[in-house]
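Chains as they are written, first to last, in our numbering: chain F, -6 to 268; chain E, -6 to 849; chain X, 16 to 217; chain U, -17 to 359.
Keep in mind the hints are simulated off the structure, nothing from the lab. Built from N, CA and C at the ideal position, the CB exists for glycine as well. Incorrect hints may have been included.
[To be verified] So these bits of chain U aren't anywhere near chain F, every CB distance computed over 12 Å:
hint, residue
1, S77
2, L78
3, P134
4, V168
5, G182
6, T191
7, G209
8, A275
9, S293
10, E297
11, L313
12, R334
[Stated by the list, open to error] Non-contacting residues of chain E with respect to chain F, defined by C-beta distances greater than 12 Å in every case (computed):
hint, residue
13, G297
14, R529
15, F713
16, R744
[Unchecked claim] In silico contact screen, one side only, chain E against chain U (beta carbon under 10 Å); selected entries:
hint, residue
17, G264
18, G316
19, A368
20, M369
21, P468
22, G471
23, L473
24, L689
25, G725
26, E742
Listed below are the residues making up each chain.
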Amino acid sequence: MTAAKGFFTDTSLCIGCKACEVACKQWNQLPADGLHFTGNSYDNTGHLGASTWRHVAFVEQTLPEALGSIEPQGAGNGSSFGMRWLMESDVCKHCQRAGCLEACPTGAIVRTEFDSVYVQPDVCNGCGYCVVACPFGVIDRRDDDGRAWKCTLCYDRLSDGMTPACAKHCPTESIQFGDVEELRIRAERRLEELQARGVRGAQLYGQDARNQPGTGGLNAFFLLLDRPEVYNLPPDPVVPTAKGRESWTFAGLAAAGMFFTAMAGALLARNRSVR
Amino acid sequence: MAENHPVGFQWVMEARERGATIIHVDPRFTRTSAVADIHVPIRPGTDIAWLGGLIRHVLEEEAYFKEYVLAFTNAPVIVREDFRDTEDLDGLFSGWNAQEGKYHVDSWQYEGAGTIPAAGHKHLPADAGAGADAPDKRPATLQERDETLRHPRCVFQILRRHFSRYTPEMVEQICGVPRALFAKVAETLIRNSRRERTAAFCYAVGWTHHSVGVQYIRTASILQLLLGNMGRPGGGIIALRGHASIQGSTDIPTLFNILPGYLPMPTTKHGGTLAKYIQGNRSPTGWWSEFPKYIVSLLRAWFGDAATKENDYLWGELPRLTGDHSHMTTVADMADGKVPGYFVMGENPAVGSPNAGLQRKGLRNAKWVVVRDLAMIETAEFWKSAPEVQAGEVRPEDIQTEVFFFPAAAHTEKEGTFTNTQRLLQWREKAEEPPGNARSELHFVFHLGRRLIEKARASGKERDLLLRSLVWDYPTQGKLQEPSAEAVLAEINGYTWPDRNPVPGYAELKDDGSTACGCWIYSGCFSGGVNQTARRKPGREQSWVAPEWGWAWPANRRVLYNRASADLEGKPWSERKRLVWWDAAKRRWTGEDVPDIIADRDPAYRAPPGVEGLASIGGNTAFLMQSDGLGWLYAPTGLIDGPLPTHYEPLESVVKNALYGQQCNPTRLEYRRRDNRYHGAYDDPAYPFVLTTFRLTEHHTAGGMSRWLWWLCELQPEMFVEISPELARLRGITHGGWATVSTARGAIEARALVTARLRPLQIQGKTVHTIGVPWHWGTVGRSTGASGNELLALVADPNVSIMESKALTAHILPGRCDRGRHPSTLGPTPSPLEPGDPRRDLPQVGTKRPMPTQEP
Amino acid sequence: MPVRGRLPTIAGVSTLIGRLESWPLLRQLRRSDPCAVGDTAATERTRGLRARIRDAGKPVRSVCPYCAVGCGQKVYVKEGKIADIEGDEDSPISRGRLCPKGAASFQLVTGDHRIRDVLYRPPGGTQWDVLPLEKAMDMVADRVWRTREETWEDTAPNGERVKRTLGLAHLGGATLDNEENYLLKKLYTALGVVQVENQARI
Amino acid sequence: MTAPPNPVPFPGPAELERPTDGREVDPSLGLLQGEGAAQRVRTPEPHPGHLAPTHVEADARTPTYYGLPVLQQPVWIRTIPVYLFVGGMAGAASSLGAASLVAGGPTLERLENRCRALGLAGDLAGSLLLIADLGRPERFLNMLRVFRPTSPMSMGSWILALSGAANTAGFLFGSRRGPLGALGRVGIAAGGGLGALLAGYTGVLLANTAIPLWQAARRELPVLSVGSGMASAGAVLELFSDSGASRKVTHWYGSVGKVVAIGAMLVMQRSAPRAPRVTEPLRTGATGLLWRAGLVLTAAGLVASGLGNKSRARERLAAGLTLAGALATRLAVFHAGKRSARDPRATFEGQRAGMGAAELRRPPDPKPAVFKLPVMR
Ligand SMILES: Nc1nc2c(c(=O)[nH]1)N[C@H]1C(S)=C(S)[C@@H](COP(=O)(O)OP(=O)(O)OC[C@H]3O[C@@H](n4cnc5c(=O)[nH]c(N)nc54)[C@H](O)[C@@H]3O)O[C@H]1N2
Ligand SMILES: Nc1nc2c(c(=O)[nH]1)N[C@H]1C(S)=C(S)[C@@H](COP(=O)(O)OP(=O)(O)OC[C@H]3O[C@@H](n4cnc5c(=O)[nH]c(N)nc54)[C@H](O)[C@@H]3O)O[C@H]1N2
Ligand code: SF4
Ligand code: SF4
Ligand code: SF4
Ligand code: SF4
Ligand code: SF4
Ligand SMILES: [Mo]
């Protein structure tokens, strides 16, 4: 196996230009999702979906405690007027323990030699189970197509030694692509740097199993400037399978119970009739 | 910048990561503000006051870079005795002529020496006094100076007096910027300037789209010169220009007032001879003394053998300007039926130009219109889908304009060069043939030209002489008979005449007709017969200047005025900031970049007084194009509205000018017409809010290149306006609901995006609300909506005829638009001109403002 | 389904075996891969997946047509058609990056919104008609000539020599190439047209 | 001079403005070959309901992203709750059938036959319901491409398929003699075991997801599934019971099922005491009503079938109530899950309250041996 590849998305560098969204659509030649004005800041995409594999979130925050303060933030978040505007480019996390992958009954979803999670469109039968199994709400089935789709980590490009389209085109290197191991180190260093600059709320999200035990770490992880919820990310996601064992146990017990009930009933009836 | 030049912004982000401080001055909190260190919300239209405040601060705190200022600027130069400043005349400079409604600039001149603006006079009012008739042609080398900067009439002292009232308190009163924030910015700027550090200013149309737009940039120039930030790495004033080749279309201008390479268009003032034209525009000193070579080579390139020394190279046959023939003037004339034929190629004025309704009225009143574009646009469908047609006010059947739509080839379907915002020419290769009958402009002009030249040959009339003489022999290629763009580029580069060997650069051009050159500043782009603009040595294999990628004018120089990066002896001011320097051993200038000075001019050389020509360029000359080689803190000539920037309110404002009795720029271009009504100068009760227009990263200008693309449309699917929660509350507008914005020119509806990114400002004791209007939408395309330019008026900066789109007044109401008749569809009956608001001008300014056009 | 009477042929059996061979379940068993989350479950298509521009040959070097930053673009052409447009890593300006507009230029140039015919709308017309290119060019040349003749002025009303026409005007240039602007300005000046303007003015 | 109008009409922008696939590549100019190029697109694109202008006042303590869902909603259509209902019933019936065969003796032969029929019918109907829900029904066989123990859906498919096979064998041959009969009886017995799993796994199917409500109820859901399956199988079989013995058996079976189901439901309501938001859909709104209806109907079915001497009518009433209760319960669970997915606070508050990975006793192995990474060439 080649080294695991992934993204470190450093939101402190994002300028919300959406180049990643369009570059992804362009490379993958995805259809548009229609024209829907949301009024949610500049985010008219809303969410990742079957034909949106990159999504840029926009969060306008007034910082009450900073009102009137003109201290530069150092991280550059223009907050001299008590306001900041957070932007984050969201994508499939290519989880170490991927809910979608573990849930897929057809084997349409596989893990590749780059340690990414890939949906094979020639296999997927659209059962929709991956959709509910992803703790991040990433993968989705396109109704009119019938199959589930998500970021491929540009599997086709990686196979030819190319950088994924979104990372390549990101003007500010907010999306950094590379070996996950190396990205992790870079991310830790970046976090320290930002903390030293006094950037409020800076935190890593999902860089390893320690940070995110529920998923065993993400191959596409993030540096956030606020709590995950602010960006619509779950604070403590967990791969559903991790809790599945318990469920199976109860299913087994219940099944056994049922069988015993049935046996008991049958025996009872037999005894009665014999008597 | 993050919004509209996102990929350029990577360098800003990189600088930030290396410790640079980013300050963003913008009325709105934008994506740029989001990553900046300091955001300064400013009232639209007040940056001169803001920058003026910084200048005053730098001067008062003695924070300027003294050695630099003394070495390279005109701070010590002494100005004529009869000069009067706005401080003396309540907002006017000396020389105001109420009869003509403009300044006579004699009194602005230096003591003892004449001046010619860099690159001559590009605008018509360059008449009496501005140097065109050159009352004072004494060479700049004769100017009087006071190196101690104490002389009361030296530029430095004038500057001090001029800006003395631009105090932080005044800045707060005018711009709405709190004093503490001002202090913070001033301190940051100063800390990051002068010898060891540099600061750069980036601007785009947030600074230029004002009736004082040019003076905005002048203010920044003064500040940068004082801080020693010009011509140095990481410094300068960086114009972030608009379209892919907007710079190119200015250098090789499809503009009325200049010829290629910024040579002025002939005007009637130049009379009939080339000599008179040269006399009025050539500077005796500085690089501009080479002027004759460029005009003669141009004429040779255009008219070939027909242009001879004897016939003045046919200069006398060139068309003349008599006034302002700029876009807005032409369209107003067209609306009055004076311009029957109109070509629009790669522009969409029905959406992009101010007072869109008036633009369309112009199209309706033309006889024929040719539109060339990639896709269907509003300018071609004005007779079909315009708002007034949709509203039934105008019937297509009644529109007598003949319209031709020619499909254009896309950038991948033709070869040629774009010049980007850093003056870099980059050659594009061709990927495929254009579809169907789509053709490049090169194809269109060339074959149209062929047809017209044939007609001219047949006519034999005198007026067709130029056409008959035109050098139009470009080779064509392929099935489509596409003219060779390289052949055209070779002509632009220039060659010897008549054997057509490429010249290596403009230094080799001659004024005797032995060279031909289509654009002298581009000379060198094809040197050695090699297309230098097609060079593509990967950036990572070169120095940080990357001189072997494309080709920059002039002479592949990447940083203009880079001589200023070294001190008087030619040593870099700072090793950290070195760019070019004097190599004493080789007796040559050298460095990372091509030095912006004559290569072997010894730093110690000083021009003897009175000397002319290139010999007037001293080894200390950092601003070669200026007649005196100096950075102009004070502009004795070249500007129509004053030698120093002065804060005037926009034509339409919400407050009185706090500094002067003169409310607006006295020389602004007004178009007083019934279909172009103006609001009151200030406090107009019908239009109580400030309106500013802006762009979105997701769309491109008038939308022809973005509103057809789903991938972009879905990102910003609908027209909206940005307002603050306070304004929304005040007007009862709900977030996401409809709002109607109106001015005297029109009304539009849009979704309301209520956001704290817009904040009300406290100005002179009142709350000022700003409405932010993106203007990308129109009636054609996959995402349609109202165009912001329905709201704007024709009104312009006098120097460059640029519109005032960034500061005006408007009204906003909740709900959809229920507009009355569109002002531009009002009948043809002549009406008395609107008198104009007397509060705009001091009484002595008079009412005789020359208006570029009037209704018939 | 009754199969009686149709004896399985050898070929039939072998294709069946072939089918079974590619049944990942069997692969799973053979490799004793309990979960089949990797290669076992991959299809031929997946294994052979490569970037579609792999066989497009050398890209055409271009420049983004939108804004003045001038980002480098690489245009990949396959079978005479554009397969992909992306940023040019070699460009010292853009280092391979593009903004959303630049990234969408594939759609700009290949979209079906591109018009292929010369369209003509006569005075008072309510719809577009199609004109042949050459004919349209002739018509435009005629109109230019006639309008120029009609509106020519040798002298201005005040008697100054002007040698021009104010009856013709041009707009546009910032989206065009230098070579195109050059020919435009050259031709217009020779025609005596002075009202030539572009985006630099607005 | 005017040109003669060319008869070819220009396809007006109106036509161009009509969206087709959101790519609109002119095939003579560009190639549509990217990974997503094969995505089929219907026009026009329906509006995703949740993207309405919202103005969320930033709540500093419990932020959400404009109230937008964090998870994707289940894309399953209504056939799925029906499948859960049918599958549960079939599984329970098969189990009872097997038990009758093994332990019931001749008295329960007719019952056993009915169980077989119900089991098989349920398997078939369930398969159809499942296939109907697939985005690409023609690819239903892909369900048996691999065996993925991590996927309850995969397990379920195999269970359903094997159960279907076993029940078919049982149905066809169960009453015969000889080796075929033996095979049939093996089928019945196997069908019984598989049926028990079939009834139980549907609970796991829901529980093994990221939907907060379902995940929180991961212990109760399988039990509820089984109970509800027994209840409905009991109700149907009781309706058709011909002998007192079989009636007793089915009554017993159904009643236990109902009791279990009710018990599971009561526990499930309280499954997330730390984050009430998670179980909110069970308490409020339409889903809450449906849930309570399921509970009440099931209880009513229990009461109606359990009291004294039964008339045929009362028997029918009891069966009807029970079936309605079971169906309502399934629908309630399904729709409550959808609501739970739509509510970002259910996810956020649940996980903040320790219901995410925090409640795992042992965090999952980041790279469990069982998922050893196969190397691709
Ligand atoms: N995405 C995208 N990029 C583009 C374009 C596009 O349409 N879309 N267009 C291209 C073109 S043609 C051009 S010219 C450039 C223009 O680039 P910009 O100049 O950046 O364009 P705008 O958004 O029109 O204006 C910039 C900002 O000026 C602010 N502003 C308004 N009034 C004032 C003022 O008085 N003072 C100050 N300091 N700021 C003010 C506005 O709030 C706005 O944020 O962009 C080019 N790049
Ligand atoms: N209110 C307000 N108004 C403004 C501004 C503002 O800030 N506020 N900004 C102003 C500014 S800075 C500008 S630059 C203008 C821009 O306004 P316009 O230039 O009118 O707008 P664009 O949409 O860029 O128009 C360019 C057209 O050229 C076409 N095109 C592209 N390439 C080619 C080609 O090779 N050949 C041909 N024939 N056509 C081509 C495109 O399809 C497009 O339709 O708008 C101005 N208007
Ligand atoms: S984020 Fe979701 S879709 Fe992506 S790998 Fe993880 S579970 Fe799968
Ligand atoms: S929808 Fe497709 S990818 Fe998702 S689980 Fe089902 S088969 Fe696998
Ligand atoms: S890696 Fe490729 S598929 Fe995934 S978001 Fe980026 S561009 Fe899209
Ligand atoms: S391309 Fe980069 S900077 Fe732009 S929105 Fe995406 S992540 Fe942010
Ligand atoms: S990619 Fe974006 S930033 Fe670069 S030239 Fe194109 S429009 Fe400008
Ligand atoms: Mo522009």
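Checked hints:
| no. | hint | result |
| --- | --- | --- |
| 1 | S77 | 5 Å, violated |
| 2 | L78 | 4 Å, violated |
| 3 | P134 | 7 Å, violated |
| 4 | V168 | 16 Å, holds |
| 5 | G182 | 3 Å, violated |
| 6 | T191 | 4 Å, violated |
| 7 | G209 | 7 Å, violated |
| 8 | A275 | 23 Å, holds |
| 9 | S293 | 22 Å, holds |
| 10 | E297 | 17 Å, holds |
| 11 | L313 | 17 Å, holds |
| 12 | R334 | 6 Å, violated |
| 13 | G297 | 47 Å, holds |
| 14 | R529 | 18 Å, holds |
| 15 | F713 | 7 Å, violated |
| 16 | R744 | 6 Å, violated |
| 17 | G264 | 40 Å, violated |
| 18 | G316 | 33 Å, violated |
| 19 | A368 | 9 Å, holds |
| 20 | M369 | 5 Å, holds |
| 21 | P468 | 27 Å, violated |
| 22 | G471 | 18 Å, violated |
| 23 | L473 | 16 Å, violated |
| 24 | L689 | 17 Å, violated |
| 25 | G725 | 15 Å, violated |
| 26 | E742 | 15 Å, violated |
Comparing the model with each numbered hint stated earlier shows that hints 1, 2, 3, 5, 6, 7, 12, 15, 16, 17, 18, 21, 22, 23, 24, 25 and 26 do not hold.
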